[in-house]
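Novice: I would like the entire structure built from these sequences, with the hints used as guidance.
If you want the building blocks of each chain, they are given just below.
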Amino acid sequence: MLLVQVLVGGLLLGAIYALFSSGLTLIWGMMNFINFAHGEFVMLGMYAALLVVVWLGGGPAVFGVVVALFLFFMGVAVYASLIRHVLRGPMLAQILSTFGLALLLRYTAFWIFSANFVSLPETWLSGSIDVGGIWLPIPQLIAGLLAITLTIVLHLLLTRTTVGSRLLAVAEDRNAAMLMGIRPDRMQALAWGLSASAAGIAGALMATAYPWSPSVGETFGLIAFVVVALGGFGSVPGAMYAGLIIGLIQSVSAFWLGPIYKDIVVYALFAVLLWLRPQGLMGRA
Amino acid sequence: MKRLSPTRLGFAVFAVALLLYPLVFTNPFFLDIGVTFLLAAISASAWNIVGGYAGQISVGHSMFFGLGAYAPLLFYQWLGWPPMAGIPIGIAASVVLAIIIGMPTFRLTGHYFSMATIAVAELIRIFTGTWDFVGAAIGLQGPATARGWWDLTFRGETPYYYIFLGVLAVLLFITHTIERRRFGYYLRAIKARERAARSLGVPVLQIKMKALMLSATFTSLAGSLYAIKTGFIDPESGFGILVSVQMVIIAALGGAGTLFGPLLGALILIPLQSATNTWFGGGGSGLTYILYGGIIVLIARFEPGGLFELWHRVVAKYRSRRHAA
Amino acid sequence: MLLEARDVSKSFGSFRAVSGANLTIEEGEIVGLIGPNGAGKSTFFNCLAGDMPVTTGQIIFDGRDITRASPEAHARIGIGRTFQLPATFEDMSVLDNVMVGAFLRHPHRDDAREHARKIIELTGLTAHASNWARSLGTPGRKRLEIARVLASQPRLMLLDESLAGLTPAELRDAIGLVKRIHEMGITLVIVEHIMEVIMTLTRRVLVFNQGHVIASGKPEDVVKDPAVIDAYLGHGDVPRRG
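Residue numbers (this note's numbering), protein chains in the order written: chain P, 1 to 285; chain H, 1 to 325; chain D, 1 to 242.
Hints listed in this document are in silico derivations from the structure and should not be mistaken for laboratory results.
A quick note: this is a predicted structure, and the numbers were derived from the prediction, not measured.
A couple of the hints might just be wrong.
[To be verified] Each computed DMTMM-like pair below joins lysine to aspartate or glutamate, with the alpha-carbon atoms no more than 25 Å apart: (1) LYS218/D to GLU29/D; (2) LYS118/D to GLU179/H; (3) LYS118/D to ASP173/D; (4) LYS262/P to GLU236/H; (5) LYS218/D to ASP173/D; (6) LYS262/P to GLU218/P; (7) LYS218/D to GLU183/D; (8) LYS317/H to GLU303/H; (9) LYS179/D to GLU27/D; (10) LYS210/H to GLU194/H; (11) LYS224/D to GLU161/D; (12) LYS262/P to ASP132/H; (13) LYS118/D to GLU72/D; (14) LYS210/H to ASP111/D; (15) LYS118/D to ASP91/D; (16) LYS179/D to GLU161/D; (17) LYS210/H to GLU72/D; (18) LYS317/H to GLU90/D; (19) LYS210/H to GLU90/D; (20) LYS179/D to GLU196/D; (21) LYS179/D to GLU121/D; (22) LYS218/D to ASP230/D; (23) LYS210/H to ASP91/D; (24) LYS179/D to GLU220/D; (25) LYS218/D to GLU4/D; (26) LYS210/H to ASP51/D; (27) LYS210/H to ASP110/D; (28) LYS218/D to GLU161/D; (29) LYS218/D to GLU26/D; (30) LYS118/D to GLU183/D; (31) LYS317/H to ASP91/D; (32) LYS218/D to GLU196/D; (33) LYS224/D to GLU196/D.
[To be verified] DEER-style ranges, computed between Cβ atoms: (34) SER216/D to MET103/H: 39 to 45 Å; (35) GLY156/H to ALA77/P: 50 to 56 Å; (36) PRO259/P to TRP132/D: 52 to 58 Å; (37) ARG8/H to ARG183/P: 48 to 54 Å; (38) LEU298/H to SER126/P: 40 to 46 Å.
The beta carbon of each residue, even a glycine, is placed where N, CA and C say it ideally should be.
Specialist: As structure tokens, then:
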């Protein structure tokens, strides 16, 4: 029974990993670009949620929307002011752009919020429920379910809507897309907005269920890398499956080996992936 | 008589200044800055070989630094060896690690390599923090008092200063030699356009690997020197992300891919770091890294070639204006 | 026979860019490769150069099977190529660019430099030797690419639209250069859209359409071939002059 609880907990956490990692994989698939500040976008989502609750007194619905919009604009702004320029430049500029941004965001957060762990005040969504002998904390349950739903929504958005197909066209073949009248620049900006938004919402969801500090950005960034590497660069469904798997692995490792090992196992998995299957489960190299 | 170009003259003056520095600034505070400057210059110059010249951006170079730092103190604590003896072991471990990381990732795009360097560095950092044999979170210490000259435990900083200066000179000489030979040209070609380089017969994977292994060797050496001088190492000071960041920003600020870029970067940032740490006290390190993050973004956005590149552009504009006038 | 492609096919997922392409080149020939846009010429070219792995088929150079050989290996055994979009090393000088090519056969810097200077003179780039590649216009870059690959002393050169976008005077210069290269004994395969180039330089032309060779022969004959005309008209673009 305890094991089942651990597994379910892992899946719920994994769902959130899936959500923010799909943002990262979208950018990678489209532009062959890794956003080293992606984890910080998640972290921003968490603190934005906190600020909405504390300043505006809003509930989850309110901060959910606020975070989604705020991070969307942040993503577009980062693309327009920074990414767009470095894409044409040397590798040093490309890597350092988001790497530097990550440092900037992370240490600014440390400075403003200090290194203490915080959590959202309790809402009506607290407590646990008993599902067939397993105790599931409600916030985590809802966060996980919402996360997986949103990931699926993102996937559908990309594959079933006109806008989505335009995004994918640019990802597939930029020149061909231009010939079809699609503006790659706009689509790339949109992708960054969506990516940041996904990260932010994942952060906000996580904030309802788990405590955090500014250091989580670094950890989530790395987890996103591993999920994307496992699931395949550019594949949102891959990110979904991989996210769930990583969540499970973390949960089980923490249970069997001890809490300190949950990150070690994930990064070690990444090192192994490097050698065995760099292109991931479902993606292209 | 050979004409002394401004660059040569400038370099000669700087070299003499470096040699005389400890004799002029005998105050321990300034001496320490000097030693820190040299160490930072060595690390950044080592990073520069693979990051600046070859264009393969490692943001986890602390993994080599940390291995180099842990090896001497580990073998001292475990087997009583003089810390110096651990230096080659640290280097060997770093080279092996370089091969492990480089082989799979160098075949893929540059972003993948960068990502791998962060992940592996973090993996090692966290793992070291849990392993008691290497001191876990507490870390390792070196000899408190020298058992002989071979322990390299000096009371003052001056001997360290000259040892580090010697290592820096050797590294810069090696880098300069590389610049002039085929290996250097191939590095720059790979950085400029890998696909075209391949089509001209450049053995891309091999060259990248050599660059990474050479870089890892000297980064490891820098780590060893740090550990021997400080007499202490822990997961954060060995493998922490800030160690990696410092190497990258110093090289990039001065000019990645240039011989003296890392020196220039260190010349600016080390005193700056010392100053901000003094002004802001405890919270200083947080602000310093906000500043570093900002500087890195600005470099990436406006002048990836660093200050040397900026200087060349300014000079070229000035020269063309003079001709036009 | 210097180069042979047997039944080469290249697919990207379900899309067959090249299907069953055959080609033979004798040493010392200058062969043209023409065809409408999207016919698969560039993909085939990249396969010949080892830049892209073939899906099926074989490529044989001087009796050796080089189907799986890397681009580096191609260069070493004597196949050089230029790129459709100029791929010069922008942040290096013209001389340094050519030296990278020269280093293949001259590992020592001074030898490489001397050889590079000779090639630079041969290709008429002496005035620009110390300039950055970045400072050259597109014609200069294309010429630099030719010089660079020439310095690697290939037996066979694959030129990918290296004469496009030139003024009539520049074009004549470039054609002269290609002739000189041919006189040095180098075999050439040239992809071009410009009929003047094809007519004056090549003795044999292969026409590509929809992934394979649809016609082969002397330039004068091939352009009159109804199948060829049909292929071009069907795609809406006719080989143009200059």
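Novice: For the pair supplied as a hint, LYS179/D and GLU27/D, confirm whether the alpha-carbon distance does not exceed 25 Å.
Specialist: Between LYS179/D and GLU27/D the Cα gap is close to 15 Å, so the pair holds against 25 Å.
Novice: Holds or violated: are the alpha carbons of LYS210/H and GLU90/D at most 25 Å from each other?
Specialist: 24 Å, holds
Novice: Measure nothing beyond the straight line between the CA atoms of LYS218/D and GLU26/D; if it is 25 Å or shorter, mark the hint as holding.
Specialist: At roughly 15 Å apart (the allowed maximum being 25 Å), GLU26/D and LYS218/D satisfy the hint.
Novice: Is it true that the CA of LYS224/D sits at most 25 Å from the CA of GLU196/D?
Specialist: 15 Å, holds
Novice: Evaluate the given range 48 to 54 Å for the C-beta pair formed by ARG8/H and ARG183/P.
Specialist: 52 Å, holds
Novice: Given the hinted pair LYS317/H and ASP91/D, is their alpha-carbon gap at most 25 Å?
Specialist: 17 Å, holds
Novice: Verify the CB-CB distance for GLY156/H and ALA77/P against the hinted window 50 to 56 Å.
Specialist: Hint holds: Cβ distance 52 Å, inside 50 to 56 Å.
Novice: Mind checking the alpha carbons of LYS218/D and GLU183/D for me, to see if they're no more than 25 Å apart?
Specialist: 20 Å, holds
Novice: Using the C-beta atoms of SER216/D and MET103/H, is the stated range 39 to 45 Å upheld?
Specialist: 44 Å, holds
Novice: CA of LYS118/D to CA of ASP91/D, is that 25 Å or under?
Specialist: Since the Cα atoms of LYS118/D and ASP91/D sit roughly 22 Å apart, the hinted pair holds (cutoff 25 Å).
Novice: For the pair supplied as a hint, LYS218/D and ASP230/D, is the alpha-carbon distance within the 25 Å limit?
Specialist: 18 Å, holds
Novice: Can the restraint linking LYS210/H and GLU194/H be considered satisfied, given a maximum Cα separation of 25 Å?
Specialist: 16 Å, holds
Of the numbered hints given earlier, the model fails none.
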